[in-house]
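Student: Assemble the complex: chain A is given as a structure, and chain B must be docked to it using the hints.
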Amino acid sequence: MGSQMSLFGLHCLKGKEKEEERRIRANNREYNQLHKYATNAIKTSKYNMFSFLPLNLFEQFQRIANAYFLFLLILQVIPAISSLSWFTTVVPLVLVLAVSAAKDGSDDINRHKSDRQVNNRKVKVLLNGELRTEKWMDVQVGDIIKLENNHFVTADLLLLSSSEPLNLVYIETAELDGETNLKVRQALTITGDMGHNLEMLSAFDGELRCEPPNNRLDRFTGTLMFQGQKFSLDNEKVLLRGCTLRNTEWCFGLVIFAGPETKLMQNSGRTTFKRTSIDRMMNALVLCIFVFLVFMCTVLAIGNSIWEQQQGDFTTFLPRQDGVNAAFSGFLTFWSYVIILNTVVPISLYVSVEIIRLGNSFYIDWDRKMYYARSDTPAVARTTTLNEELGQIKYIFSDKTGTLTQNIMTFNKCSINGKCYGDVFDYSGQRLEMTEETEKVDFSYNPLADPKFSFHDHSLVEAVKLENPEVHAFFRLLALCHTAMAEEKTEGELLYQAQSPDEGALVTAARNFGFVFRSRTPETISIVEMGIQRNYELLTILDFNNVRKRMSVIVRSPEGKLSLYCKGADTVVYERLHPSCSKLMEVTTEHLSEFAGDGLRTLALAYKDLDESYFESWRQRHHEASTALDDREDKLDELYEEIEKNMLLLGATGIEDKLQDGVSHTIEQLSRADIKIWVLTGDKQETAENIGYSCNLLREEMSEVFTVAGTSPEEVRQELRTARIKMKPETGEGNVTIEGEGEILGKKSKLVQDEAVNGEYGLVINGHSLAYALDKTMELELLRTACMCKTVICCRVTPLQKAQVVELVKKYKRAVTLAIGDGANDVSMIKAAHIGVGISGQEGMQAVLSSDYSFAQFRYLQRLLLVHGRWSYLRMCKFLCYFFYKNFTFTFVHFWYAFFCGFSAQTVYDEWFITLYNLVYTALPVLGMSLFDQDVNDRWSFQYPQLYVPGQLNMYFSKTIFAKCVLHSGYSSLVVFFIPYAAMYNTVRDNGKDVADYQSFALLAQTCLLIAVCIQLGLDMAYWTAVNQFFVWGSLAVYFAITFAIYSNGIFLIFTSSFPFIGVARNTLNQANVWLTILLTTILCVLPVVAYRFLLMQLRPTINDKVRFKVRQTKASPPPPPRRARIRRTSSRRSGYAFSHAQGYGDLVTSRRFLRRAPVSRSTAFSPTARSPGKFLPTGRSAGYSPTGRQSNLRQDETSLQMYRAVKDPQI
Amino acid sequence: VMASGYSAKEEDGHHSGALGPAGGAAVRSRKPDNTAFKQQRLPAWQPILTAGTVLPAFFIIGLLFIPIGIGLYVTSNNIRELQIDYTGTESSSPCFACSQNYSWNMTTPCVCSVSFSLDQPFESNVFMYYGLSNFYQNHRRYVKSRDDSQLNGNLNSLKEPSKECEPYRTNDGKPIAPCGAIANSLFNDTLALYYNDPNGTETQIQLVKRGIAWWTDKHVKFRNPVGDDSNLTAIFQGTAKPVNWQKPVYELDSDPENNGFINEDLIVWMRTAALPTFRKLYRIIEKNSSTSPTLPRGNYTLKITYNYPVRSFEGRKRMILSTISWMGGKNPFLGIAYITVGSICFFLGVVLLIIHHKYGSRSSSADLTH
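In order, the protein sequences belong to chains A and B.
For the first sequence, counting from 1, position 932 maps to 932 in this note's numbering; every step adds exactly one.
For the second sequence, counting from 1, position 295 maps to 295 in this note's numbering; every step adds exactly one.
Simulated from the structure, these hints should not be mistaken for lab results.
Keep in mind that a hint or two might mislead.
Far from chain A, some chain B residues (derived; all Cβ distances over 10 angstroms) [claimed, not checked]:
id : residue
1  : V268
2  : T301
3  : P309
With a Cα cut of at most 27 angstroms, we get these calculated DSSO-like pairs of lysine-lysine [as the list claims (entries may be wrong)]:
id : chain 1 : residue 1 : chain 2 : residue 2
4  : B       : K209      : B       : K174
5  : A       : K369      : B       : K38
6  : A       : K103      : B       : K31
Covered stretches of chain A (in silico footprint by chain B; criterion: 3 or more residues with CB under 8 angstroms from a CB of chain B, positions within the stretch not fixed) [said to hold, decoys possible]:
id : stretch
7  : 108-121
8  : 372-385
9  : 951-963
10 : 983-993
11 : 1019-1025
12 : 1055-1062
Note that beta-carbon positions come from the ideal geometry of N, C-alpha and C, so glycine has one too.
Okay, chain A solo, but in the shape it has when bound (with noise of 0.2 angstroms):
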């Protein structure tokens, strides 16, 4: 498949040389159209009706094994060679190929439909002057669209004009990189005056230069000439398909790049064909099998020759064909030994897998246990191949926000001058644990709370209205000290937007406990004090940044009063306290660790009264240093040090980053099944830490948690070396070594082995510094640090960077890999690795779409992995033994035969029986242990995680394994050759007739077989259920059946001279002897096998043996897992106000400029990879802090989540 499509692109590259550059005039399709730039349909699918047949019949017989039956098919009617009939081969070709197409058939079905759906979804386009609703895929580069609010942006565009001042709109860029938080782009003033002047917009001929596609989500290059003048372009001027228009009425884009051109098509990677481990090594077998094949047909031919050599003159009774001497004889030989040793390979092989694979699929959509009642949504099995994948998983690659976080941050408690407010305490002073059902504070004294906003502390309420000064105060700086923007659509409905959730978090409590911040201006904050409604002038914002971990404002309030009031991280604001408040500072400290010690995010809250002169001062040498023109950044923290000085503590906050349901739990059982999990996230590096520490991905046992942040390869690297040596001292200096291993086929590849170090250590790495790590000189130095420690989580990473780091652990590790993750950001990821699945029913559908199994909660993994994947793993492995066994078995009697038919290529068994064993007498037993068996159920399979391992080392399916399988097959098919043969010997039925003959034997050697293979089966399977007793008696039934009637006098006298085997079964299966016969062949095939396994279980019980062995003594369900009691961390505080923001917003609330001011450059130049930030408007999503989470994660929710503009000066 995948060739194909390859084939195409090539060919598509072929025809038209690379683009360098892209030239683009606007409302002039005839000069767009000569550089046949890609249209806006886009095209998953990979057959259309006519192409069907030929394309999939082709691309099936790349399958190595269809050509090889289609091969054998040719040889068959070869009247020389032809040692068996057409039927045997044909019959299970027709079945194999008809049911891949089927298969192949319904998907592109799908495909077909998705497509259609995009392909038609409607737009504006500007087309001669008016505007004509026209369907996306009719959308071409250089049109001028227009797009309305809450619309899908249809192609990358670059932005001409919008409804907004200045030209603004705002986008959710949460599918392209999963960022939930508003963005703005601003169009040039030149176009922005077109405004919605159809007349000018369609006159408007620009002439556009610009970078040619490529899968750069972060940069855009380019220039506009438009009336004689150049205009520059960057990326704040682009919309790229994939976002979404919000609080912008309408806008009109140029279309840049469409389709498949677009970014977000370039960077969803391409669509690869994913295969199972097992199925490489299948492919592998199979090759071997061929190799080996080959040989014993060489031997047999060369057997054959000397045959004839030495017994030629046995021509008297059987003269060779014209023209055959011993040498071609052999030849010919060769080729009918191909024909009849072919069922090494049984083409059922394949379609048995398919269909294990297929039935394991369904019950993991079948799973209640993985379905999610609140959003109705039943876990998925997307991919029906990977399965027995899922049994051994190595590496988890997650997504973190909407993924192991329900991206809700609640206040959960809160420290005020000395007394902690949260916790719950029954009458006997225990403390609660939280849940739905515990009684709720009552807000209802005040009208502007926010009903979603839960407490269950009542205490602070109580010292609220008891006017507590300091809490109060705390309230009050909470409602005042923040950058977010409210808006009131009718009287009383308070919508917040806060750059980061923490921070609507924040100020929605203040506003529930009486402290309601209503609106802002520039120079004002009004907030309504207890139902009084204040403004307080805004003088100054001592703005947040990564190096200050803190934030201040500075206000005056309607009393005249001058206040600063501060919030940031405990340790920074703890330097900046005033000496008098140490006491309190201790048991606030006390209160903050275990605030830390509960995974929540902590803020130190401070405020000082300030002097009116040293304040005007102070505001003149700010002014000063905020207009300098060198080294503002520094003056102007000189000043900000300065003035947050001698502060005194208020308190603290705690704020809750809720985890989705089951987090913690499940990243312990995986990591117990000794899975390894690292996070990427485009999340900050404190929240990611956060996030780890608080879902038990960092602990504080750990020995050390390293961060690479460097800003230079050195840097990087060096950081990466020392962390690895502190790691394990003995690796020293030196380069990596690579334990260089060969692969199949002559693909070499490096392999990295494991290294075990001493104690737990984690590392985090951001994507500045990965973007450095991942570098070809320093990939592997990153690897085999990354691979020593227990946790990596990789922050500020865009999405290519996330599968880059899937592929390098790809690559160099024989591992596999899983990512999950629920936004279009997690694509590309999800599509690199072995496995991908999408969380469904959260941010938009495009993980899920990629993915190959999805589900609405991470919890779910433990269950997809921990039981449905290590059965399937099981299963198939115990599938691939067995039926290897059976086959091998049955070929290799052919192979002793040979030795006393004169190499002749005399089958052992009936042509019928050689026809229906994999397809009839074998097939049922064999599919139903695939489907039925498991070790242990599922409880004991959470119970013991470390029932996993086995699958992550390959134990049950390997080349030993097979080889043992096939020394297996080799004895039972020496039994099954020589005890018939021994016992027939010369030998007479009770009458004194023929029972030596070809026929009986040929009766006896196939029903020993059959029944041998039945036991071996049964010893094989470990859950016998109802079904499969009946499969495998039913089918034994069935051989009997069949050959009695095959062999009846009726079916020979209609079809004489095809059963040729009339009254073999009723004259031989009436003799004691070969009843006796069977028994001991049975008996020697089985033995041996149960003598083995036992004594393999004495002496070297596998964990496997172990559990069966405890399931059997408990005799029942395990008992319930401890309740695990709350993992109480006691060490380092962690705060949590680093959040969202790279830098603050502080600017941006108190000035107008910035909506005409170019951006800066600053923060692109943070990194060379990394997204630049929303740097404008403060524009958070607001179902973020919603304590109640999102009501619902149905698409038709998207009102709810509309934003209100943002905030607009009457000014302005």
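Tutor: Positioned in the frame of chain A, the structure of chain B alone reads:
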């Protein structure tokens, strides 16, 4: 008895009845059905190889197999069997001359006699076999070189034999009946047995030639073609005899029930052997009186009309006289095999028992950690 346990049915925790939309008007939930099959909770028997099951199994098999083996061995030993190789490749052999001057279609048959004596009498019915060695009746091209339709009396096939019969399909443009290499190579030595009375007279022993083929072969698989004429000669008109045969198929026997395709010698020969060394039933010597043995102790002469050439491919020809038992002819293998396997089982049982006592504790789950 294998250790077993039925896995208890677990509660799912959700009762679809209680939670499901009671009114029925609500949107159908996508919640999967709670069936044992879909939730993979089918009740099952989960056997494990425990010491309690494996060791007794070994002992029981051992104790069962040894007596069976002894029985089989004794039975086999009680069968009287006599083999006489009359190939005649050695110069001392009476048939040496015949074997040397061989040619198909010899006009004067070569006859040789072999004398032998029985030390012990053969009591019950005696079966007389001819045995061939190094004769590849199981060669692929040989096995398929026949036309079952023709042998079943199909008139079309009689005139138009299957291509499988090549090169023995036609002769001089006439279809061969029966066609093919198997029929062509029909064993055509004639064996006659004489009892040398101590008084010197030679009595020919009555050999029964009917009832030597399988009933199904004789009555279903092989049938003479039926034409307007009941005369076989007329029906086979227009066909040729197999190249190596001296007589056409309709002259194989004078008995109409044993002539043509249903001649039992032909039927027995057409049932090809599985192995290159085989024996085929030739004649039966029926027990006449209940008092005297079928073949009393004494001297016998076997007179062979030597027609069948095997010397060229180093084949051997034998005449075998044998009595039979409930387990068929003489073959000590099964008995020995049963005794051996039984003993090994018993021995293995003991070894495993010792190992289990020494190391068995390893498989206990004591060292399992949660």
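Student: Now tell me, hint by hint, if it's right for this structure.
Tutor: Here's how the hints hold up against the structure:
{"no.": "1", "hint": "V268", "result": "violated, 7 angstroms"}
{"no.": "2", "hint": "T301", "result": "holds, 23 angstroms"}
{"no.": "3", "hint": "P309", "result": "violated, 6 angstroms"}
{"no.": "4", "hint": "B:K209 to B:K174", "result": "violated, 31 angstroms"}
{"no.": "5", "hint": "A:K369 to B:K38", "result": "holds, 11 angstroms"}
{"no.": "6", "hint": "A:K103 to B:K31", "result": "holds, 25 angstroms"}
{"no.": "7", "hint": "108-121", "result": "violated (count 0)"}
{"no.": "8", "hint": "372-385", "result": "holds (count 4)"}
{"no.": "9", "hint": "951-963", "result": "violated (count 0)"}
{"no.": "10", "hint": "983-993", "result": "holds (count 11)"}
{"no.": "11", "hint": "1019-1025", "result": "holds (count 4)"}
{"no.": "12", "hint": "1055-1062", "result": "holds (count 4)"}
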